[in-house]
Amino acid sequence: MTRTLVIVGYGMVGHRLAQAMRDRDVHGAWRITVLAEETRPAYDRVALSSYVHTWDAGDLTLPAVVGVDLRLGEAALEIDRVKREIITSKGERVTYDALVLATGSAPFVPPVPGRELPGCFVYRTIDDLDAIREAVEAAGRTGRRAGMVLGGGLLGLEAANALRGMGLSPHVVELAPRLMPIQVDDGGAGLLRDLVQKLDLTVHTGTSAQVIERDGQRMVVKLTSGVELDVDVVVFSAGIRPRDDLARAMGLTVGQCGGVVVDEGCRTGDANVYAIGECACVAGMVYGLVAPGYAMAEVVADRLLGGTATFPGADTSTKLKLLGVDVASFGDAHATTEGALEVVFNDAVAGTYAKVVVSDDAKTLLGGILVGDASAYTMLRPLVGRAISGDPAALVAPAGTDVALGSLPDDAQVCSCNAVTKAVIKGAIAEGCADVPGLKSCTKAGTTCGSCVPMLKQLLTEAGVAQSKALCEHFDYSRAELFEIVAGSGVSTFSELITKHGRGFGCDICKPAVASILASLGTGHVLDGEQASLQDTNDHFLANLQRNGTYSVVPRIPGGEITPDKLMVIAEVARDYGLYTKITGGQRIDLFGATVDQLPHIWRRLVDAGMESGHAYGKALRTVKSCVGTTWCRYGVQDSVALAIQLELRYRGLRSPHKLKSAVSGCARECAEARGKDFGVIATEHGWNLYVGGNGGFRPRHADLLVSDVDTDTLIRLVDRFLMFYVRTADRLQRTSAWIEAMDGGLDHLRAVIVDDSLGICADLESAMHQHVGAYADEWRGVLEDPEKLARFTSFVNAPGTPDPTISFREERGQRVPVQLGIPEVVSP
Amino acid sequence: MSVQFPLTNLLPNRGVAALLPGDVQVAVFRTSDDRVYALSNIDPFSRAAVMSRGIVGDRDGVPVAVSPMHKNAFDLRTGVCVDDPEVSLAVFPVRVDAGMVMVGAP
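Protein chains in written order, with this note's numbering: chain A, 1437 to 2265; chain B, 407 to 512.
Please note that the accuracy of each hint is not assured.
What the hints assert, rightly or not - No more than 25 Å apart at the CA atoms, straight line, and that leaves these computed lysine-lysine pairs for DSS-like: (1) K1876/A with K1755/A; (2) K477/B with K1905/A; (3) K2095/A with K477/B; (4) K1893/A with K1880/A; (5) K1893/A with K1936/A; (6) K1893/A with K1905/A.
None of these hints come from the bench; they were simulated from the model.
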């Protein structure tokens, strides 16, 4: 018989439980109802601070769970344990066989007089951020606005960063003598303070707010230290308290510091009621982190399906990037173990602080703290509680953190977000997972924060899985290596390249890849000489092959802006050649159904009317979409059309490992969908935000913010570097998103290379792009001016001009569409 | 029944389409070692007459033409699809004589 599970609370942990149940309950033993207080579906609260970049709640939304009765905006009000019945805020009665409390926690607001004034907020939900934003905008006075965050812990610094993202100067007030008192020691906090103060944060430690008073449109906060702060908003971020009121009302036991007391199976004193996440108290502990909550959700899912899983307690290690500063804390970070020894490296010049805590005999790692550079975290955390060989100082000494993964025991967790051990990953590799995406999908490792991805790669290498980078059977090199060979050796033809560096005659993989490399390096027209034979059909005929062997024609319409005269030429050409006409998703016009021999005639007319190749056929820049920006839109804050045209003309014809798309939006409303593009630009009041690595397609992905508020020259310089770095180093058919994901260090590394010039290659990248821009010539014009190239556009070598007999059309919705050969046409009466 | 055309119309490593009497389409290819092959021009997977526009190369040393439609490779000598030996293209007799390519009906 089907039983009913009711989950109260739909935060990250409630969502994980619902998902785990639907994944595991393959026989449909449970019907699931979720009562969610918020009106939005579950979202990634850990990433809440990133909301201020886009104000798009959709970015944070977790994947919907199919097969769940999700009741948004409906909270549980009363629960009758005897009747196993819940009364909801909408007056409904819901009965349950099993009930799971996943109500999370609420922000703690210290009893400061004035805390209820308008302009005072907590920092917990998307609605909280919306309210803060509204207050900031309403403050609307000239000059820099200010905010105070009460609480200098992890969440307080996050909140301060969010305020900074809204254009405020934040003050952080912390009662303890240092920032992040729970995770970091004095030495680490000192460095952290230096680093965040450079980012326009003012830090006040060892003090608290005494009173908040209204002062005209603003507020004055008096600190116990005597300092007075003039601010526009106040955000309380002084910790969280478990939301256990429902449990208390039900008569369930709560812990000393709150939280529903549960056993190791996450069960409360009532056998039908469980509690998980931040509202639960396990073995006297209330965990304020998502990973233990996820682990509890998995335990309950297992129990409900007849298992005996237990929650073993959780690691409270944390690694984060606060305001761009790496902070990590793991194990016994404060050396509370009897006789514990500390080894510290504090490099004020480099801005890094590293400490390891070891046992009194210096043989066992107990914990540590890293600030400024936390790259050693993924290697050190799994070693906690284990014997270390050699000098503990070697673990944190600069360049000494290269602990071999081989020394890790099998039960050590490699991915702490999803509790995946080294043994599980080794098992998956043994069963045939041969790459990181494979490991991600079969073990879930690396799918949450991603910090263990380099370890996954290393484990693959240690297991002897050769990560082949060979382009195809004809070359042992990757595309990036071939690019360097071609660029560095002066080899300018495919035949020379394959003779010197490959074998055989080549194929449909290496030939177009090399053609693209040659085109990127500016070796003349794509149909010149031997290059013509390398091109895939689209590049060979400079048009897109469609399903019946005809081609489509797409003239460039930069930024989507076009004159009525040009529209008329396109319309006339389409009418004269009977082409099916469709507006594309990228603000262009697609003309379908042209035969090979018609292409030059069509293009002659388009070129004469001032149009040019749109490169819709190439692995090249396609389109830069735009909204109308300040030209017409009442919301636009910058001229998105002008920038889109400028970008499209600058990068037109650029051959790349995969097709490239871009867009420019004139304001945060994002009408051009710039975050769905390889590089997207969104206007701000101060300039442009540049996003990279987005795409639509099979696996849609939003682009990540690379830099914000830059001027047009800086923007273009960065896009130059980004595109050229991609063209040089990506694999064949690797989209920008996969390219960034596959990079060691991901977006941070990309930013280091192209913004901070960490490799010293930016001048090279820029000059390569300048060369491309200077050498651009319209490909179709090049064909029309060359009789030899024109001669290839013929239907039959022995009967030029004879139409292909296999091509025929029928009419649909007033336009011609192809009839497939060999499929009899059924004509409806 | 055959047709002929100058070899100079056929680039190395590329194909052209020729029309035999009876609307029969043939794809004629020239490899980099200057051999000439002729196969049906109609890709059996997509039913489109596009084989002549595919890339010419080799798979494990087997000379192939790859359909531009869904990238199926066909052995230039036998017409057999390398990825799916159940499927093959008709092979046409072809030779080069005095700078002219001559293709006949199979």
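For the pair supplied as a hint, K477/B and K1905/A, confirm whether the alpha-carbon distance does not exceed 25 Å. Measuring from Cα to Cα gives roughly 21 Å; hence the hint holds.
Would the pair K1893/A and K1880/A pass a check requiring their Cα atoms to be no farther apart than 25 Å? holds, 14 Å
Take a quick look at whether K2095/A and K477/B sit within 25 Å of each other, Cα to Cα. holds, 18 Å
Between K1876/A and K1755/A, is the straight-line Cα distance small enough, at 25 Å or below? Within the cut-off at roughly 20 Å; holds.
Are the Cα atoms of K1893/A and K1905/A separated by 25 Å or less? Since the Cα atoms of K1893/A and K1905/A sit roughly 14 Å apart, the hinted pair holds (cutoff 25 Å).
Holds or violated: K1893/A and K1936/A, Cα atoms, limit 25 Å. Violated: K1893/A and K1936/A sit about 31 Å apart, past 25 Å.
Violated hint: 5 only; the structure is consistent with all others.
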